[in-house]
Amino acid sequence: METQAWRIELELDPSRPDPVGDSARSALSHRGLPIEHKVRSGRGFLLPASLSRADVDRIASQLLADPVTERVKVFEPGQADSKGGTTLLVRRLPGVADPEADSARRALSLFDVKVAAADPVQCFRIFRVEGEINSDELVRIGSRALANPTIESAALGDQPVHPHPVPSLRKFPRMEVALREADDVRLDLVSKEMSLALSTLEMRAIQEFYVAEGREPTDIELETLAQTWSEHCKHKTLTGPVCFREFAADGELIRERNFANLLKETVFDATRKLSPEWCWSVFKDNAGVIAMTDEIGIAIKVETHNHPSALDPYGGAGTGIGGVIRDILGTGLGARPFAAIDVFCVGPKDFPRDQIPPGTLHPDRVLEGVIAGVRDYGNRMGIPTVAGTVIRHPGYVANPLVFAGCVGEIPRDKVEKLVSPGDRIVSIGGRTGRDGIHGATFSSEALHEESDTIDSTAVQIGDPITEKKVLDVMIQARDRDLFSAVTDCGAGGFSSAVGEMGEDCGAEVELASAPLKYPGLSYWEVWISEAQERMVLAVPPAKLKEMHQLCDLHEVECTEIGTFTDTGRLKLTWHGDVVGDLPMEFLHGAVPQPSRKADSHRLPLQATAWAQEVPERDLLLKALAHPSCESKEWVVRQYDHEVQGGTVVKPYQGPYGRGPGDGTVVKPRLDLKNGVAIGCGIAPSMALLDSYAGTACAIDEAIRNVVAAGGNPNRTALLDNFCWGDCRKPDRLGSLVLAAEACYDASIAYGAPFVSGKDSLNNEYRVGDEETAIPPTLLATAIAPVNDTKRCPTTPLKKAGNVLLSLGVTHTAGGGSVAAEILGLEDSEVPRPDFSTAPALFDALYQAIQSGYVASCHDLSEGGLAVGLAEMVLGSNLGCRVDLQRIPGADDMPVSATLFAETPTRFVLEISLDHLEAVAELFRTLPWSTVGEVQDNGGKLLIHSGDDLLHQYTITELLHANGASA
Amino acid sequence: MKPKVLQLFAAGINCDRELAFAFRCAGAEVEEIHIRELIQNPDRILDYQLFAIPGGFTYGDDLGAGRILSVEVVAFLRDTLLKFHQQGGTIFGVCNGFQVLVKAGLLPGIDGVDVSLSWNDTHRFECRWSRLLVDPALGHVLPANSILPAGSAHAEGKLVLAHPEQAQTLADADCIALRYANLDGEATEEYPDCPSGSEAGIAGLISPSGRILGLMPHPERCLSEQSLPDRGFGAWGEGNTGIDFFRGLLSRYLSQAETTVASS
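As given, the protein sequences belong to chains P and S, one line each in that order. Here the first sequence stands for residues 1 to 966, numbered as in my numbering. Here the second sequence stands for residues 1 to 264, numbered as in my numbering.
Hints in this document: simulated from the structure, not taken from any laboratory. We put the beta carbon where it would ideally sit given N, CA and C, even for glycine. Hints are all accurate, no fakes.
Subject to a maximum C-alpha distance of 25 Å in a straight line, what follows is the list of computed DMTMM-like cross-link-like pairs (lysine to aspartate or glutamate):
| # | chain 1 | residue 1 | chain 2 | residue 2 |
| --- | --- | --- | --- | --- |
| 1 | P | 799 | S | 184 |
| 2 | P | 597 | P | 269 |
| 3 | P | 38 | S | 121 |
| 4 | S | 4 | P | 671 |
| 5 | P | 192 | P | 219 |
| 6 | S | 2 | P | 671 |
| 7 | P | 414 | P | 671 |
| 8 | P | 673 | S | 238 |
| 9 | P | 673 | S | 225 |
| 10 | P | 545 | S | 37 |
| 11 | P | 571 | P | 219 |
Coverage of chain S stretches by chain P, computed from C-beta distances (three or more under 8 Å per stretch; other residues unrestricted):
| # | region |
| --- | --- |
| 12 | 114-128 |
| 13 | 156-162 |
Let's have the full structure, built from the sequences with the hints guiding it.
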């Protein structure tokens, strides 16, 4: 028999506006179900049938419903809404996490009612059409338009709603997998059937090991090896041998280079050569750590979370940010997060719906979902999302990218961690479910086939409040020295966390002691589950009591699941039976490195064919409206980018908060004058033409962002995030090798070491028979300390009469630029930073800013000089006049190139006349010139060539084109 | 002796650091207490002069912003808080703390008005700076009709009334503390100067006693010119109004404390 429950429905009073209902109406219309009537939204709850009517009424009015805005309807257990034929109820599939329901369950205890763990407390969403509607159509179309079928189902309100059943306990005896006698075909089959994603080579290495051991592996041992040896954890491609060949456009082989370890000989090598004393931890922990002051370090990490976000943008982006926050919490003995970064790459806005590959969401829906996911997770965590961008390109339609980053502060004496044998292995935070097992390999179809189990938990739902409580506990426990080591539970769950922490000593884990979300998990599922919001700590026995007390106070679950040992082995038990026993040495040291081929074929790129004439007036307005330049203020305003009170250089600036900034500056400590500048660079359109140049430009952009905001270029650290296609294909890996070489060259030239990084190397999709990779995408993140945030310049114009300076030389190369795309200029030469002059330029600008000479500063990026100037105007209510003939490099250059070329390492500065002489002295060896002045002209941008006025623009039309709030 | 502030902590509170910093800048001594500790011994509140609930997303704002914490406050702290208030203490809530005070029935503190805080008209989280017009009812904290810049950062900040005419009842009872204002300093309900569409442009409420106060935007984010959107170029004042606000809140205890010191 179905379980019964009280059903409570809350709907907004008819006099109240209902934006959720309105947008549901338009979502249904978009999908082909036009509705004449209004759609009203509501919330619903299922409560245990054992409650009395009086209790249910009390709970509904005092806990669930808003007394002013909502009306309550209560249906007895088993009853349906007889008038519910035009109402759609959307609820989560069985086993999908529902933090709101968990909160409701907890709150019921405040009403003196008894609710057993097995009693249902569940939530749903309601959409009621006011008037006639075809019910079947409503369900059919509503299931997609108003629900995400991967995690939700929809049904009509005139049907009874039964609570999801609680799964029953199952027994899981120790399982062995016959491997020793297997041939290659059989090895591959095992890998495939168990979703291990291990290659034949790797399976053979495992087979050899067990032949020598004289026994068969258990299932959990294979799962552990698969997790530990995964591309995600071991980065086999980037740390493996690569044979690289580069060919000229005419097919001639021009260069060969063999790498024994690609990353070690490029990115890591630059860091090793530079190894400045202000880098406190590089590439060995969850995040890199650099010095902000002598006592306080800055931990930073940027992750990719692409595939989950493609399936469920909201949940994927939320758990992406949740995961990288845990990386920061798990750095050293725990850093305190104070800023978050988010970069999204999605398909074009106007992408035709009928060309969307099957199983893929429209780019707009992806973007809306990922923004909401970051917003709802980051805002609840109280971590300001301060930096990031949105890239639109057709190459991301089927494979969007989501980068999530986090920055934390950590005392210098907490940067190192050391596990001691005898420390207890303690898991704190969320419970373990089937979440994320084998990543996204469980498709939604497979989920329905086993509806009595709870496999839809392959999709992860974030629970930010659980993570916030973990954060609160972690920082207090750190400051009280309650643990000796920590790491986050990320990919691979306990298997990776415990495996990593115990690598140098050994560990024993009793899997039955892990607290579960629901019964019925097998031991290997407990071991590799990627359930969110968990951290693993090594707690010395003497500190256990205090640790438990602290967790109790904060209502954080804290469970001892094992002990670190000195055996050098990983031993796993399940109710006392040994189910796995592996030497750490084999687990971590024996992964075979595949050798890969990498080929790069240069494209036949010509000089950019800018027209000789003065460009159309509209070109600037079109550039401002281009997805790369258009205002992202609407995104930023949804993030609480000011929580913690330290955001002193904001993403959007000026009196109206609509001028886009370069880097953002955040103060981790309100009582200090120090801050941290954060910048991002990404240039996939350039990298598509020339991977080396595009990567170098992305790195230059990240660095000029932080320098423009007042960061110290001599203390700037970098992060790399490589998102590439399938690097088993030589052409994909070829462009990656060039990017890695660009990373090395830029890092050495700028003296900016890479301190952390991450890669995601299988971003491909199939259209027909053709497999297409995403554009080569290197996200460069730069971070630099700021000595005194008072000195930080912003981009909006400040004062009439001040002079404008152009710093850095402009070249004509325009390949991959915004203007080239708008003008339809053929693929052409991509700009490159001049590594010989750029560092001196950054340094001189830093000196000028430090001396207090710089009133405003804007780096020139997408849209070049023209967009840069327009942005300085639209952030203020002043205007300016510039003379293009005075721009360094402009001689003999078409005006279009001067205005729109995207040469890196260039800035526009606003300087008071009083400081001009001193600035001239600082810049004396550099390409710079005064180019105009700030005017109180009602916000006009006047573009001259000598005495000729070429074009003028009003602030109103600039704002309109840019889509900024007026 | 410094005025003593007790600041509540609970799961999901996340503006605690900057609020404590603001109170300290204004001259107070601040202690923080977790609600689970406080409900063991609610009378601890009586040892302080100001009780503050910071912003955040208590319990995830599940079931409505501040709802679950407000139920806890009613169940465990309400009687003590009323006694504390009667003895001369001040109760202060910002953002989520304001939502809690309203939903716990501690604000506006008069009969006949049904107030709640609901979703912004945009149905979005809105993070933007707001100008708040100081009502004469808040004249003991900041000069009447002056402007307090503060950071709005909320999704459920629209003050709603059961009936529109209740706005007048609130005004008549001197319960409106702050309204959103435009660049000219006039009260407004217009977006984006009023980020939520709040009825009568109300940004904060105060009890007739003047000692229970709550507001949606964050004055604790306005402690220096560097925090302002234009970094002190004039359109948003000089950046120290936030500290003036907290000094104003504590002023009666600052003078009391001085008196105590002088007489002892």
